[in-house]
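Chemist: Make a model of the complete structure from these sequences and hints.
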Amino acid sequence: MAEAVAQPTSMFSVFRKRNFRLMWTAEFVSVVGSSLTDLAAGILVFRLTESAFMVGLTLMVTAVPTLFVGLFAGVFVDRFDRKQIMLGSDLLRGLIVLSIPFGVAQFGLIALYVALFFAAVVRQFFDPAWESVVPEVASEPELAAANSFLSISSFGSTAVGFALAGFLAHVDIFLPFYIDAVTFGVSFVLVLAVRIQKFTAEETTSIGVVLNNLRTGVAFLWRTPILRSA
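Counting from 1, position 92 in the sequence shown corresponds to residue 102 in our numbering; the numbering is continuous, with no gaps.
Keep in mind that the hints were calculated from the coordinates and are not lab data. All C-beta atoms, glycine included, are put in the ideal place defined by N, C-alpha and C. Certain hints may be false.
Claimed, not checked - Derived Cβ-Cβ restraints for the label pairs, each shown as a range: (1) 59 to 208: 44 to 50 Å; (2) 208 to 31: 18 to 24 Å; (3) 66 to 150: 41 to 47 Å; (4) 161 to 56: 29 to 35 Å; (5) 144 to 69: 23 to 29 Å; (6) 199 to 82: 27 to 33 Å.
Modeler: Okay, structure coming up:
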């Protein structure tokens, strides 16, 4: 008797999964909004200062948290409920972005830089939580396709956001920030609807434990030449 031949999995089959559709849509909407803010912030700074240096400063304040918060955030995410981290991150970033027009009106550009910095800090917690959930919303055979579609979504939505930002900023310089705040609300609702495994702490979690794990990770990185030179 001939053996049954397994049918190859279609690369689009992952979209049949409700949780993946929700995650994919949440990412697309959220990244469109974030791209609006990224470009609108630069436009706003240049309008007010006509200084390329000050525009560059907006990029610097969003990059600094990646260097100094990223390692700690990854360890933190490993020990706390990832869905709650994502929901809290969306809520916080939405409120931070919403505060930008009011902050700039009251305190000037310093309010913009502070808001961009803290939004970037919060993102350092959201991103690893998001990435760790992907294997739970796509099966192992679908994982490569899932990651590809999420990457396409990220790059595509960034392009859409940048394209819209210039037009919206021409209408009202603060409009992109309001829309970004709304997109975080949409992402919050979509992530809330995602069903993932409930978090259960296997060990007692404390700041001391998190810091100890962070030290262990940094020590391993330092002792591994190929990683240290990357």
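Chemist: Against this structure, judge whether each hint is valid.
Modeler: Now the hints, each set against the structure:
Distance hint check: the CB atoms of residue 59 and residue 208 are about 49 Å apart, consistent with the given range 44 to 50 Å. Between residue 208 and residue 31 the Cβ separation comes to about 21 Å, which falls inside the hinted range of 18 to 24 Å. As the Cβ distance of residue 66 to residue 150 is approximately 43 Å, the hint placing it in 41 to 47 Å holds. Between residue 161 and residue 56 the C-beta distance comes to about 30 Å, which sits within the given range of 29 to 35 Å.
Restraint check, residue 144 to residue 69: a C-beta distance of roughly 28 Å satisfies the suggested window 23 to 29 Å. The hinted range of 27 to 33 Å is satisfied by residue 199 and residue 82, whose Cβ atoms lie roughly 28 Å apart.
Of the numbered hints listed earlier, not one is contradicted by the structure.
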